[in-house]
Amino acid sequence: MSFNIEQLRREFPLLSQEVNGKPLVYFDNAATTQKPKAVVERLIEYYYKENSNIHRGAHYLSQQATETYENARETTRLYLNAAFSHEIIFSRGTTEAINLVASSFSKKFVNPGDEILISAMEHHSNIVPWQMACQERGAILKVIPMNEKGELILEEYEKLLSNNTRIVAVTHVSNALGTINPIEEIISLAHQKGIPVLIDGAQAVPHMKVDVQALDCDFYCFSGHKLYGPMGVGVLYGKEEWLQQMPPYQGGGEMIKEVRFTGTTYNELPFKFEAGTPNVGDVLGLEAALRFVSYLRHDEISAYEDQLMQYGMEQLQTLENIRFIGTAEKKTSVISFIFNDIHPYDTGIILDKLGIAVRTGHHCAQPTMDFFEVPGTVRVSFAVYNTRQEIDILVEGLKKVRTLFG
Amino acid sequence: MTIKEKEQEIISEFEMFDDWLDKYNYIIEIGKSVPVIDSQYKQDQYLIKGCQSQVWLHASMEDGRVIFKADSDALITRGIVGLLIRVLSNQPPQDIVDADLAFIDAIGLKEHLSPTRSNGLVNMIKQMKLYALAFKAKQQGT
Numbered sequence: 001m002s003f004n005i006e007q008l009r010r011e012f013p014l015l016s017q018e019v020n021g022k023p024l025v026y027f028d029n030a031a032t033t034q035k036p037k038a039v040v041e042r043l044i045e046y047y048y049k050e051n052s053n054i055h056r057g058a059h060y061l062s063q064q065a066t067e068t069y070e071n072a073r074e075t076t077r078l079y080l081n082a083a084f085s086h087e088i089i090f091s092r093g094t095t096e097a098i099n100l101v102a103s104s105f106s107k108k109f110v111n112p113g114d115e116i117l118i119s120a121m122e123h124h125s126n127i128v129p130w131q132m133a134c135q136e137r138g139a140i141l142k143v144i145p146m147n148e149k150g151e152l153i154l155e156e157y158e159k160l161l162s163n164n165t166r167i168v169a170v171t172h173v174s175n176a177l178g179t180i181n182p183i184e185e186i187i188s189l190a191h192q193k194g195i196p197v198l199i200d201g202a203q204a205v206p207h208m209k210v211d212v213q214a215l216d217c218d219f220y221c222f223s224g225h226k227l228y229g230p231m232g233v234g235v236l237y238g239k240e241e242w243l244q245q246m247p248p249y250q251g252g253g254e255m256i257k258e259v260r261f262t263g264t265t266y267n268e269l270p271f272k273f274e275a276g277t278p279n280v281g282d283v284l285g286l287e288a289a290l291r292f293v294s295y296l297r298h299d300e301i302s303a304y305e306d307q308l309m310q311y312g313m314e315q316l317q318t319l320e321n322i323r324f325i326g327t328a329e330k331k332t333s334v335i336s337f338i339f340n341d342i343h344p345y346d347t348g349i350i351l352d353k354l355g356i357a358v359r360t361g362h363h364c365a366q367p368t369m370d371f372f373e374v375p376g377t378v379r380v381s382f383a384v385y386n387t388r389q390e391i392d393i394l395v396e397g398l399k400k401v402r403t404l405f406g
Numbered sequence: 001m002t003i004k005e006k007e008q009e010i011i012s013e014f015e016m017f018d019d020w021l022d023k024y025n026y027i028i029e030i031g032k033s034v035p036v037i038d039s040q041y042k043q044d045q046y047l048i049k050g051c052q053s054q055v056w057l058h059a060s061m062e063d064g065r066v067i068f069k070a071d072s073d074a075l076i077t078r079g080i081v082g083l084l085i086r087v088l089s090n091q092p093p094q095d096i097v098d099a100d101l102a103f104i105d106a107i108g109l110k111e112h113l114s115p116t117r118s119n120g121l122v123n124m125i126k127q128m129k130l131y132a133l134a135f136k137a138k139q140q141g142t
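Residue numbers (our numbering), protein chains in the order written: chain R, 1 to 406; chain A, 1 to 142.
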């Protein structure tokens, strides 16, 4: 490992605090990661020295801000290895990116009787926008089933791909289970029938290198805040050929070419999909986060996080009455479990008292919880700054939970 | 005993504990021991949904007093439910409506009544007061 973990943790000031009188152990990274100094400092610098509304401003600050904003788009293009920077649309987050596609794509390409295909392990954000689109367009939502390990059943997927399927929307990594889906195969099977694929990358991008051209996906979305970046900013990558054909999502400033009361012509990509004043500051914060992750190197991050996962599994397995939810062959950075005899909420409350932050509940994936017939799970999710010692503290905490409730 | 007297009684009990672990142990014990609801009432119509844990609540009127029965799927929530029942059940409707339940804060469990916890307890208290209001209106109507 090329990075020094102690040094790395010092880049995240929040981590060194105490919670309930105990040193904080932060294992809720799938919900949001903490922010390194480089990101926070970039935000400060922008607001102290560079803040200005961008595009079409004649003055110095506006031109500078426009340039740095567009540079951030180029950094993001490089990060995802997209073909063109106008294929990068900044959004408020993954949810907004999916809503954009669900709304605009469906208006153009989805008609009554058509089908939209999602999977059984989606986050609500990759379910509800498609339900809404189906309702509006008179289309039918179909669901790729999963097996008891929490892996999608590809044979069933193949059967579900029909001449009526207009788009497939699948998560790269499940937020509740940690399953890494075989999206290369999912994409190529859909493409054999000329069907585009949207990938929800919110849980994948923090843990692995994503190359949208190699994947050949048609849309890819992620959020900045799960990738050490600021909240309120995210990315939609879309292939030019689709984005060109899709109508705008929202109307307003930035997205227009000419406005007359008799009619409006729309701006070109990417501005067509960025109505209103963009979130310049957070986009620059996101750029700093991308640089931070690139500096650490994705292969190093993955290798380290895989070690943590493996160690975590080994340790947690020793606990009595534990049931792991999601035991896919290919997983990353999420361990979801319940004690058969203890409610997840009770576990979460006691861990919180011990300064350990985990997530309990349905993780915005109620259909997934229903599938496993659990009210919710305890989810431990790792980031690059977590340590083995923290896993030991967690295991001690869980032993305490067992003595209290077991 | 009035609501205030019951609250005071609980506060005194909790004063014995000097660390959080003992306190939670006690709540868990209450959660385990209180037979709070008949299974016939553990149905959707009595369910108060929280994101994290769920609460079932049933109310009836006997001799001018509201009788509450409740339950939860999580043990800590069930323990706090037990405390709320002890304080609010078998009381006149108006007293229930007026109760400020300051004891929750006094025994250091306020965090469990934050709406962000989403454990069903906030809605349960709201629902208890609504029942009390409804019974009061019924009383005055007859």
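Watch out, some of these pointers could steer you wrong.
Simulated restraints on C-beta separations [said to hold, decoys possible]:
1) Asn25(A) <-> Lys149(R): 50 to 56 Å
2) Thr327(R) <-> Leu130(A): 43 to 49 Å
3) Leu130(A) <-> Ala357(R): 44 to 50 Å
4) Ser118(A) <-> Pro145(R): 28 to 34 Å
5) Thr277(R) <-> Gly108(A): 33 to 39 Å
6) Ala102(A) <-> Asn4(R): 58 to 64 Å
7) Gly276(R) <-> Gly64(A): 57 to 63 Å
8) Leu8(R) <-> Trp20(A): 30 to 36 Å
9) Lys42(A) <-> Pro13(R): 57 to 63 Å
10) Glu314(R) <-> Phe17(A): 45 to 51 Å
11) Lys138(A) <-> Val40(R): 34 to 40 Å
For the record, the hints were derived by calculation from the structure and aren't laboratory data. All C-beta atoms, glycine included, are put in the ideal place defined by N, C-alpha and C.
Verification of the supplied hints:
1. Asn25(A) <-> Lys149(R): 50 to 56 Å: 37 Å, violated
2. Thr327(R) <-> Leu130(A): 43 to 49 Å: Taking Cβ atoms as reference, Thr327(R) and Leu130(A) lie about 44 Å apart, which means the hint holds.
3. Leu130(A) <-> Ala357(R): 44 to 50 Å: 34 Å, violated
4. Ser118(A) <-> Pro145(R): 28 to 34 Å: For Pro145(R) against Ser118(A), whose Cβ atoms are near 29 Å apart, the range 28 to 34 Å holds.
5. Thr277(R) <-> Gly108(A): 33 to 39 Å: 45 Å, violated
6. Ala102(A) <-> Asn4(R): 58 to 64 Å: 51 Å, violated
7. Gly276(R) <-> Gly64(A): 57 to 63 Å: Given range 57 to 63 Å: holds, Cβ gap about 59 Å.
8. Leu8(R) <-> Trp20(A): 30 to 36 Å: 32 Å, holds
9. Lys42(A) <-> Pro13(R): 57 to 63 Å: Violated, since Lys42(A) and Pro13(R) (Cβ atoms, about 47 Å apart) do not stay within the stated range.
10. Glu314(R) <-> Phe17(A): 45 to 51 Å: Violated, at about 36 Å.
11. Lys138(A) <-> Val40(R): 34 to 40 Å: Check failed, 58 Å falls outside 34 to 40 Å.
This entry does not satisfy hints 1, 3, 5, 6, 9, 10, 11, going by the numbered hints stated previously.
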